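Please assemble the complex out of the two chains, which come individually in their own frames, going by the hints.
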Amino acid sequence: MFSRLVLRAAPAALRNLPRPVTVGVLHTNRLLHTNEQRLAPLPPLPEKGGEVRHGLIPEEFFQFLYPKTGVTGPYMLGTGLILYLLSKEIYVVNHETVAAISILAVIIYAVKRFGADVAAFADKLNEEKIAQALAVKNDAIKSLEAAIEQEKKEQWRAEGCTYLFDAKRNNVAMLLETNYRERLMTVYSEVKKRLDYQVALQTLKRQKEQDHMIEWVEKSVVQSITPQQQKESITKCISDLKVLSKSAHATV
Amino acid sequence: GPLSEQRLMDVRLGQLPAWLSTRDFSPQGLLGGAQKAWSSYYDKYINVKRGGPAGISMLLAGYCLLSYGWNYQHIKHHRWRTYH
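If you read the protein sequences in the order shown, they are chains A and B. Just add 49 to wherever you are in the first sequence, counting from 1, and you've got the working numbering. Just add 509 to wherever you are in the second sequence, counting from 1, and you've got the working numbering.
Excised from the complex, chain B in its bound form (with noise of 0.2 Å):
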């Protein structure tokens, strides 16, 4: 289908910019668009009869990772070595 309509997974690299200009980066938009990212996370990993632990452990998982990257800047300070 055209351009605008396809999902991110979707789209070639190719045309990745022309695919982000046709988004819409309004704050409904945004809005949007991260209720559709966790709503198809939600009904893939966690609104299914018989889950497992990889719903929630993905999703903590990630918040480790988002967390140690907002606190690199005093993690770095307690470094082994000064040179790599």
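The shape of chain A in the complex, shown without the other chains (with noise of 0.2 Å):
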């Protein structure tokens, strides 16, 4: 419980001191790049640490005397040594014992009294700033997944862009074709209006030239009537109209 408030309170102290590294035959106290795979993932922690018993001694020790002792050894060791100790006063009793007694007595109350609370404290801590990164995490890999969803997206889209160019092209041919049209069709009036001008001032010429001539001719022949035979035609007139007449009383 201990260690885990130390870990949260001062980890610069406790984690800072750089491991030593054997590279090859060299003893060094920083890490050198020569092996990739040590560094990263980091294995994870242990959950527990080793065993201890009463909080003092490692239980190593207790296996270590268990087959020549058994249960009890490591205990009687430990009275027999504390026996001696006292009795040679190699351990000297004095002000100070008293002090070490009752600070024991007041650590070993807070320990058992607070220390389960203080645990579940530092491992809620923990839990929170372990969810945090997951967080992290899991966002990045959300928002990843829906990039490629987005990307697969683009994708198909890309392929329907055939069946776009496709339709774009038969418009353009469309356009292309009714512009061909429209003028092949200008040029067929366009020829037609001059040949129908070169037929139309053809008939006019010859019709002027027709016209010209007959009156030409008219007066050519009007002309040619002379006064006399002006007179012989009228009289010849006037008696084939009396003849005439008188055929008409006749039958009537």
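It should be emphasised that the hints constitute simulated quantities derived from the structure, not laboratory data. This structure is a prediction, so every number in the text was calculated from the model and none was measured.
With a straight-line Cα cutoff of 25 Å, these simulated BS3-like cross-link-like pairs (lysine-lysine) come out: (1) A/Lys202 with A/Lys217; (2) B/Lys558 with A/Lys178; (3) B/Lys553 with A/Lys161; (4) A/Lys137 with B/Lys585.
Below you can see the structure in the form of structure tokens.
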């Protein structure tokens, strides 16, 4: 429990001690970048520390003495040692002993009473940190997956572009065809206009020639009738008329 | 393996002088040995997910013992009896 508090309170002090690394025959204090496999990803921390009995003596000591002395061996050893130290006064009982006993009593009471609560609190803080990191990671993964979906959709859209281009090509071909036919029509109409003009010109010319000729013939004929001929023709007409009137009289 | 690569706990009692002769007692060697010892202790008892009081209580107990040993010459004068 204390270890968790210390870890939270002074991480720099305990964690920033560099570990010695043996690289080849060189004992170094700095990590050399020779073996990438060791650095990432880090193996997870072990769940529990080494077993310790009564908070002071590692379990390995008890296991070490168990084959020879059984379960009570280490306790006998401890009792004998303490009695020896006291009787030979290698450990002297003085005011510091009293202070040590009271301090130990307070510490043990505090650990027994508040240990579990502090442990739960520290665990909760750790959980929150881990949950935050996990949330970041999950958000990143989700956003990347969404990006993948988007990408796939864009690819699908790009596939559809071929149809789009076919339709556009058809449109363009249609436009070209229409334009071509319009121009053909223009050409045809223009040529026809010019040919019609030539035809009209020729017709007009012939008409004019005819009229002029008729006029000229009439004029010349009229001119050729001399007064003598006119008189003769008038008397001839009168005599004919008389004859005709006579014959008409006769029939009536 | 060869004697120089074994850890102290795995060395037999009779091989101890031979093992000691293979150790590196230069300043870098001693420093490296101290760091290795600290790092193995740290990784075993402190740098865990759910530690307990054992991690630093052992350090404090060791400190108490060491300081008692350093001050023993002074404490000797407060003995209760002269002859044991």
